[in-house]
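Q: Build out the structure end to end from the sequences listed, making use of the hints.
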Amino acid sequence: DNFQNSGCDHSIIAPRTAEGGCTHIFKPLVSVAIALILAASASAATLTGTITNGTTNEPSAGDEVILIKLASGMEEAGHTKSDAQGKFTFTFDDAISPHLVRAIHQGATYHQMAPPGTNSVSVQVYDVSKKVEGVKAIADLMYLQSSKGQLGITRIFAVDNTSNPPRTQMSNTNFEFYAPPNAEIDDARAQTAGGQSVKTSATPQTEKGRYAFPFPLRPGKTEFQVTYHLAYSGKATIDPRLVYPLQHFVAMMPRSIAFTPAQSGVYEDKQPPDLPDAIAEVASNPQPGQKLTFEISGEGMLQDQSQNASNQSGGESSPPAADNRPGGGLGKPIEAPDPLEKTAVGQGAGLSYRVITLFGLEVVLIAGAVWTVRRSAVPRAAPAVGSSTPLLDALKEELFQLEMEHKRGQLSDQDYASAKAALDQTLSRALRRQR
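Each residue of the sequence shown is one higher than the one before, starting from 94 at the first, in my numbering.
Derived by calculation from the structure, the hints in this document are not laboratory data. For clarity, every value in this text was computed on a predicted model and none was experimentally measured. All C-beta atoms, glycine included, are put in the ideal place defined by N, C-alpha and C. Hints should not be assumed to be uniformly reliable.
[Said to hold, decoys possible] DSSO-like, lysine-lysine: derived pairs with alpha carbons at most 30 Å apart: (1) K241 x K292; (2) K292 x K223; (3) K223 x K174; (4) K180 x K223; (5) K224 x K292; (6) K384 x K224; (7) K384 x K328; (8) K229 x K384; (9) K363 x K384; (10) K328 x K363; (11) K223 x K301; (12) K229 x K363; (13) K224 x K301; (14) K174 x K224; (15) K292 x K174; (16) K162 x K180; (17) K241 x K328; (18) K241 x K363; (19) K292 x K162; (20) K174 x K162; (21) K301 x K328.
[As the list claims (entries may be wrong)] Simulated DEER-style distance windows between Cβ atoms: (22) P338 x G200: 27 to 37 Å; (23) P354 x T266: 21 to 31 Å; (24) N257 x A324: 40 to 50 Å; (25) G210 x P152: 17 to 27 Å; (26) T266 x T353: 31 to 41 Å; (27) A188 x N275: 55 to 65 Å; (28) A355 x N265: 27 to 37 Å; (29) E157 x D367: 44 to 54 Å; (30) A286 x G358: 28 to 38 Å; (31) T330 x N257: 38 to 48 Å; (32) S213 x Q380: 40 to 50 Å.
A: Below is the structure:
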């Protein structure tokens, strides 16, 4: 009787009041429930993807696939495996945060960015071998500086994987090199074409003075950089001791350091661009076992022309602070310094990593080498606001290396936790700025 002739909406259970009105006590609750359902639907998202084996050009089945949420740090948002057609699907709650898709194929890791609004992604993986035909060393660039009784050396090795069909070379001795037996390794980094420099390790081998990079050599170009130092009395004999044939070996140093090769006719003098006070000694097509030994004497630091101009103008600027923070491979997200702008470890104030790598490229080009792995380091127009490519290019390798080093026991739990926390904090700041 309460529900009849009341004028109430009978679709909503609403008993009459004593005055004959309707209380509609459930209608607001239904409205709230509908709003919550709609909000939940709006924030949820589905991401589909396909993994293709670039070696066989077929779908890659059974690969482990991980979805990583990039919000305040790195958080696993999903875990699955690709099906027989190489397909996978993730349903996740946060549709407004960028995500990263990681595919693991035969132990090697590959990544693809999934920005907000992305519905599908494609990831290309490659079969893995311990030794791959078509992997060649292209150049070995050695930079020498000395100050206060120490000789600082930075070497950049350029490697190209042109395997056909394309394969990833992965072993604990992917690329090897020699350093003086009394040298102390300060830093080791790796970079793929179009990516950012990330920290790796230079692992001592059984033979004293021989080291190896465990970083995987995926199809395409990879660059390794190692920095070490040793005691210096004002004179030293340097033997590069090549492990692989090269197109070019380049030794660069300030003109204040005298260079004397052990064998005449091996090296050719070149003038590095924008380094008027430096000299580059270039050996073309050197082979393992060839005598590339040279003697140096004197002291000096490499400095680029822009630094000289700044000093002459009287402008005071602080030298770039050493970037020893974990996760430095993320590059320059917010206020964080560009890792390539830090001063080379063990060499004191002087030439920054960015200067080293940029001039390394130019020297090789002058010498006639065809090598473009560092094209991404050449200054270019700033990316549009919100662009996440530089961040994610660096993140994908930094994530891989941090986890692999921890799994190999090269990082203690404490160091891993510290590095992870620093990486999370840097990523969080970057993503807030991009929004």
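Q: State for each hint whether it applies.
A: Cross-check of the supplied hints:
no., hint, result
1, K241 x K292, "holds, 27 Å"
2, K292 x K223, "holds, 22 Å"
3, K223 x K174, "holds, 24 Å"
4, K180 x K223, "holds, 27 Å"
5, K224 x K292, "holds, 23 Å"
6, K384 x K224, "holds, 27 Å"
7, K384 x K328, "holds, 19 Å"
8, K229 x K384, "holds, 21 Å"
9, K363 x K384, "holds, 20 Å"
10, K328 x K363, "holds, 22 Å"
11, K223 x K301, "holds, 23 Å"
12, K229 x K363, "holds, 24 Å"
13, K224 x K301, "holds, 23 Å"
14, K174 x K224, "holds, 27 Å"
15, K292 x K174, "holds, 29 Å"
16, K162 x K180, "holds, 20 Å"
17, K241 x K328, "holds, 13 Å"
18, K241 x K363, "holds, 27 Å"
19, K292 x K162, "holds, 22 Å"
20, K174 x K162, "holds, 18 Å"
21, K301 x K328, "holds, 22 Å"
22, P338 x G200: 27 to 37 Å, "holds, 28 Å"
23, P354 x T266: 21 to 31 Å, "holds, 30 Å"
24, N257 x A324: 40 to 50 Å, "holds, 46 Å"
25, G210 x P152: 17 to 27 Å, "holds, 25 Å"
26, T266 x T353: 31 to 41 Å, "holds, 33 Å"
27, A188 x N275: 55 to 65 Å, "holds, 56 Å"
28, A355 x N265: 27 to 37 Å, "holds, 33 Å"
29, E157 x D367: 44 to 54 Å, "holds, 47 Å"
30, A286 x G358: 28 to 38 Å, "holds, 34 Å"
31, T330 x N257: 38 to 48 Å, "holds, 41 Å"
32, S213 x Q380: 40 to 50 Å, "holds, 49 Å"
Checked against the numbered hints given earlier, the structure satisfies every one of them.
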